[in-house]
Amino acid sequence: MLISMINRIGSAGKLWRRMSQVLPVLLFATLVSFGLLKLIPGDVAIALAGESATEARISEIKSIYGLDKPFLTQYASWVWGAVQGDLSKSLLSGELVATSISRHLPNTILIVVLAMFISFAIGAPLGVWAASRQGRFIDSLVMSIASIGMAIPNFWLAMMLISFFALDMRWFPVTGAVPLTKDPFASVHHAFLPALALAAGGIAEISRQLRASLIELLSSQQVRTLHAKGLSPAAILWKHGLKNVGINLLTVLTLLANRMLGATVVIEAVFAIPGMGSLIVGAALQRDFPVVQGVVLVMILIVLVINLIADLLYGLLDPRAK
Amino acid sequence: MSRNDTLAHALMEVRDLQVFFSLGGQRGSVKAVNGVSFDVFRGETLGVIGESGSGKTTLGRALVSLVQPTEGRIFQDAVDPAKLSPKQFRNHRRNYQIIFQDPNAALNPRMRIIDSLMEPLQVQGQKERFDMEQIALDALTRVGLSHEHAHRFPHQFSGGQKQRIVIARALVLRPKVLVCDEVVAALDVSIRGEILNLFKQLQREFDLTYVFITHDLSVVSHISDRIAVMYLGCLMELGPAETVSVNPLHPYTQALLSANPEPLPTHLRSKTRIMLKGEIPSPVNPPSGCSFRTRCPLAERQCEQFRPQWREIRPSHWIACHRADTNGGFIGESVLPSTSLQNESVG
Amino acid sequence: MNPSEKLPLLEVNNLSIAFNSRSGPLQVTRDLSFKISAGERVGLVGESGCGKTVTGLALMRLLDPSSVTITGDVLLQGRNLSSLSDKNMRSVRGREMAMIFQEPMSALDPVFTVGSQISEAFSTHFPDRALEAKERALDLLHLVGIPLPLQRYNEYPHQLSGGMLQRVMIAMGLICEPKILIADEPTTALDVTVQAQITSLLCDLSERTQTALLFITHDLGVVAETCTRMLVMYAGEVVEDAPIDDVLIDPQHPYTSGLLQSLPKFAKRHEPLVSIRGKVPALNAMPSGCRFQPRCDHFTPACDTEQTLKPIGLTMRQVRCCESDRLSLQGVSLP
Chain A
132 MLISMINRIG SAGKLWRRMS QVLPVLLFAT LVSFGLLKLI PGDVAIALAG ESATEARISE
192 IKSIYGLDKP FLTQYASWVW GAVQGDLSKS LLSGELVATS ISRHLPNTIL IVVLAMFISF
252 AIGAPLGVWA ASRQGRFIDS LVMSIASIGM AIPNFWLAMM LISFFALDMR WFPVTGAVPL
312 TKDPFASVHH AFLPALALAA GGIAEISRQL RASLIELLSS QQVRTLHAKG LSPAAILWKH
372 GLKNVGINLL TVLTLLANRM LGATVVIEAV FAIPGMGSLI VGAALQRDFP VVQGVVLVMI
432 LIVLVINLIA DLLYGLLDPR AK
Chain B
4 MSRNDTLAHA LMEVRDLQVF FSLGGQRGSV KAVNGVSFDV FRGETLGVIG ESGSGKTTLG
64 RALVSLVQPT EGRIFQDAVD PAKLSPKQFR NHRRNYQIIF QDPNAALNPR MRIIDSLMEP
124 LQVQGQKERF DMEQIALDAL TRVGLSHEHA HRFPHQFSGG QKQRIVIARA LVLRPKVLVC
184 DEVVAALDVS IRGEILNLFK QLQREFDLTY VFITHDLSVV SHISDRIAVM YLGCLMELGP
244 AETVSVNPLH PYTQALLSAN PEPLPTHLRS KTRIMLKGEI PSPVNPPSGC SFRTRCPLAE
304 RQCEQFRPQW REIRPSHWIA CHRADTNGGF IGESVLPSTS LQNESVG
Chain C
1153 MNPSEKLPLL EVNNLSIAFN SRSGPLQVTR DLSFKISAGE RVGLVGESGC GKTVTGLALM
1213 RLLDPSSVTI TGDVLLQGRN LSSLSDKNMR SVRGREMAMI FQEPMSALDP VFTVGSQISE
1273 AFSTHFPDRA LEAKERALDL LHLVGIPLPL QRYNEYPHQL SGGMLQRVMI AMGLICEPKI
1333 LIADEPTTAL DVTVQAQITS LLCDLSERTQ TALLFITHDL GVVAETCTRM LVMYAGEVVE
1393 DAPIDDVLID PQHPYTSGLL QSLPKFAKRH EPLVSIRGKV PALNAMPSGC RFQPRCDHFT
1453 PACDTEQTLK PIGLTMRQVR CCESDRLSLQ GVSLP
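Residue numbers (this note's numbering), protein chains in the order written: chain A, 132 to 453; chain B, 4 to 350; chain C, 1153 to 1487.
Simulated from the structure, these hints should not be mistaken for lab results.
The C-beta atom is built at its ideal place from N, Cα and C for all residues, glycine as well.
Don't take every hint at face value.
Unchecked claim - Footprint (simulated), chain C over chain B, 3 or more residues, beta carbon under 8 Å: (1) 187-196; (2) 220-230; (3) 248-262; (4) 275-287.
As the list claims (entries may be wrong) - Computed, partial: chain B to chain C, Cβ under 10 Å: (5) G147; (6) L199; (7) N200; (8) K203; (9) A244.
Can you make the complete structure from the sequences, with help from the hints?
Listed below in C-alpha cells is the structure:
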C-alpha cells in the first residue's frame, strides 16, 4: 500500500519535472516568433491607419497600441497579459484573440485527429501484413506504396483529391468547414478530404516503421525463445510482437502528430478551411502581432501536451522506462 | 620472473584509488573502484582477476588515464598525470597503453593495416612518413605477421591475427606498461595459447610491464607473476601467482578457485566445492564493511561493521580479511565449508 | 548402466545442414550421427564455427527453412521429427524437447513478467489446464532455487541478474517435463561463481527428473563436470564420441588431444602454451579428405580420403580418424 503510494508520488514528481520544462520552451518560442515578426519589413500601424494616413496619424496609432515602445517591453507586456489569461485583441479586427482561436482551433483539431486515425487504421495493418510476408510480393508492394506516399507533396495530393472526388465525382464538398457541434456528419464530410491529404505521409511512415520494427523483432533472440517454447507464429506476432513494437509505434505517432499540426497550414490553404493555419498566415501577412503570438502559444502548448501524454504512455508500455 | 625492485619507486603506484560514476540526480553512483592501493613493478606481469562488477576494467582504464580518479592518486613512474600540462601529458601517456577484448571493434575497418599502425605515431606528432612506416612494419613482423599484410584491410584477417595487429599498434610507441583487458577472451581456445605466448615473448623483447586483466583463472595463473583479486571494487588479495592460484588465503579467492570447472576425469577432480550463496551485490550499493560479507561463509559482526584493513599478511602477500591468518586458515575455523559434488557414474 | 541396452531417446542420423547462400550451398554440418539415451547427459563440444549451435537449433527445427537445407533424420523416441508438419513440431517444441540459450537477458521478452513467460510455456501446450499454469510456474521457480518465488513471478527480466534469468530459462524449459533439454552455452555469459551454481543445478535437475541433457559448449571443464559423455565437433563433423573420463585420459582424435593440450591449466607456468597450428577452414574452402589434416601433426597419405566415424573395437567410443589405432595421443596431464 505504502509502496504503491510512493510510486505514484514518484511519477508525479516526474510529471512536475516534465511540466516545468514546458515553460522555458514556451517563452523561447514566443520570443522567437515575436522577434521574427518584428524583423520582417512592413508596419501594421500603416495598415491600420489606412491608405492616405498622415505621419501624425501613424505615430498616434503606434502610441495607442504601444508599438513605439522597445522590443522587449512590448514582448514583456504581452507575456504579462498572457500569464493572466489575456491574449489581447487583434490589432485589425479588434476581436479577442482567444475568441478567434476558439473558433479556428476545432477545425484544425478535427482534421488532424481524423488524419491520424486514417494513418493508423490503414498504415498499421499494412505494416503488419508486409512484415509477415517479408521478402515476398506483398512486402514489396506495400513498401513501394509507402515510398510514393512519402514523396508526394501533400498540397498536390490535396488538389488531386479535390479535382477528382469533389469536383468530378461530387462525393465530397470542395471547400470550407462545418463545426462538429453543429452537424457532425457534415463536419466530418468536409474534413475528410483534407484529412486524407494529410494522412498520405502518415500511412507511409507508420507502415514502414511498423514493418521494420517487426522484422527486426521477428529475427531476434527473444522470438527464437518463443519459437523454442512452441508458440504459434500468430501468438508470437500478436501477443509478443505488437507489445514490443508498441514503443516504436508510439514514437512514430507522436512525431507524426507534431508534423501534421504544422502541415495543416498548407492543407487549410488549399481547402479554404478556417483553421489555425489560415488564422496565423493571415495575421502574419498583416503583422497582427497578438493573433500570431496567440496562435503560436496555443499550438506549442498542444504539441507539448501531446508529448507529455506520450511520455506517460511509454511508462505504461515499457516496464524498463518506469 | 619477478625481479625484486631496487628502485626507490615502483613503476606504477596506486594509492587509495576510487572511481565513481554518477548516475545523475538522486540515483547515487556506481562505485566501480572503491579504494584500492597497490604497486606495479617494472618488468612484471600483474594479473588482475575478478567477476562482473569487480571494477577490474575500470581499474585498467584508470591506470592508463582513460578515466579520472574520483579520489586517490595514480603515480606513473613517480609522476602524477593529473598534474601535467596537456602537452606534457600527451608525451607522457605514450608509455601507458591498453589493449581491449574485441579486435574487431579496435581496428578501423576502412583503414589499411599500415595506416592503423602509423596512426599513434602521427598523433604523437611524428611527421616523417618513411620513419613511421619503418617502425610500423617492424612492429608487424615482431608480432608474427609479414610486410605483405600491411596493405590489407582488417576484414581480411582472422580474429587471432587482428589481435596481433592491435598488439603491434600498441607497441609502435614503445610503451613501458601495457594493460591487457580480456585480450584472449574473444579468441578460440585453441589459439589463445599462441597469443599468450606472443605476449610473453614481446615482454622479453621490449622490456614491458603487463597488467593483465581477465576473469579466467587458468589463464591468469599461467601468465602472471603476481595475481590481484578484485571483488566489487575492492582488492581482496594480492600475492605471488603460485600461492594465490593454488593455496589462496582469502575466502573469495578460495571460492573462485573452487568454482572453476576442471577438465579432469572423475577420479582426479575435486569432490567438493565451496558454494557461495546469493549473487554479486550492485556496485551502486555495496555492502557496509567488507564488500564480500553478504556471500562469505565466514562473515561475522565485525565484517559488517568494519572494512577489513589491507594488510601484508606474509612478505609480498596482501589481503583484506578480518579472519584470515598467515597459515592459510581462518581465525576460529580452519577451512571454508564446502558441499560435496555428486559423483557421476561413468557409463 | 550400458546406454546401448536402452532404446535411444534421441537418434540423429546423417544430419547435414547447409546454408543457402548466393554462391551456392554452404555446408555447415555433414553427416552428423549420434544417439542420446534417456536421462543421459551429453556434451557437444567444439570451438566457434564448428556447427554445434546450428546443430542444436536444427534438432529443434528452429532454423528458417527458406535459408537452410537440412537432410537426415532426427528421431525422438522413434518418431521422425524431420517429417512432422509445422503444427505437430510446435507441439514437440517446449513440451517434449526444450532449449535454453546463451544470453538470458536477450532471450526473454522484456515487456512481460518472468512469471507470465514461464506460465506461457505451460499454457501453450496444455491450454485446458491453463489455470494450473501459475501454480506450476511457482513450483518450478522454487525448484530452480529462486528465493521468494511469488515476488519474482511479477518482476520483469531487467530487474533480475544474469544468474537468476538463466534459472528462469531453465524453469521455462522444464515446466512441461520434456524428455530432453538442449542447453546452448548456458553459462558462457555468466560469472564463474554463478556458472558453478547453474551447472550444479542442471546436473541435479537432470538426475532428479531423468531429463536428458545436451550441453553445447566450448568449455571442456564445464563438460567434464556436468556430462557423462562427450561429442567433439570440428568443422561440421563429429570427430570423437566417448565417455568423459575415457576421452580426457585417452583421446583418440588428434584434434581432441590438441584441444586438451592447449588448456592453460595443463601447462607448466612460464613455459610456452601449446596451440593447434593453423585455423579452422572456411565453409567454402573445406579440404577434401580429412578436414583436420592441414593442422594435424600425424597425417599420412591415407588421410586424403574422406574420413568416417568408426567405432573403436568393442567400446562405446567412436572416432573419425584413420590413424587412431596407430597413434597414442596425450590426454590431460597435470603439471
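Against the structure, the hints come out as follows:
no.	hint	in the structure
1	187-196	holds (count 6)
2	220-230	holds (count 6)
3	248-262	holds (count 4)
4	275-287	holds (count 5)
5	G147	violated (12 Å)
6	L199	holds (5 Å)
7	N200	holds (5 Å)
8	K203	holds (7 Å)
9	A244	holds (7 Å)
Taken one by one, the earlier hints fail for this structure only at number 5.
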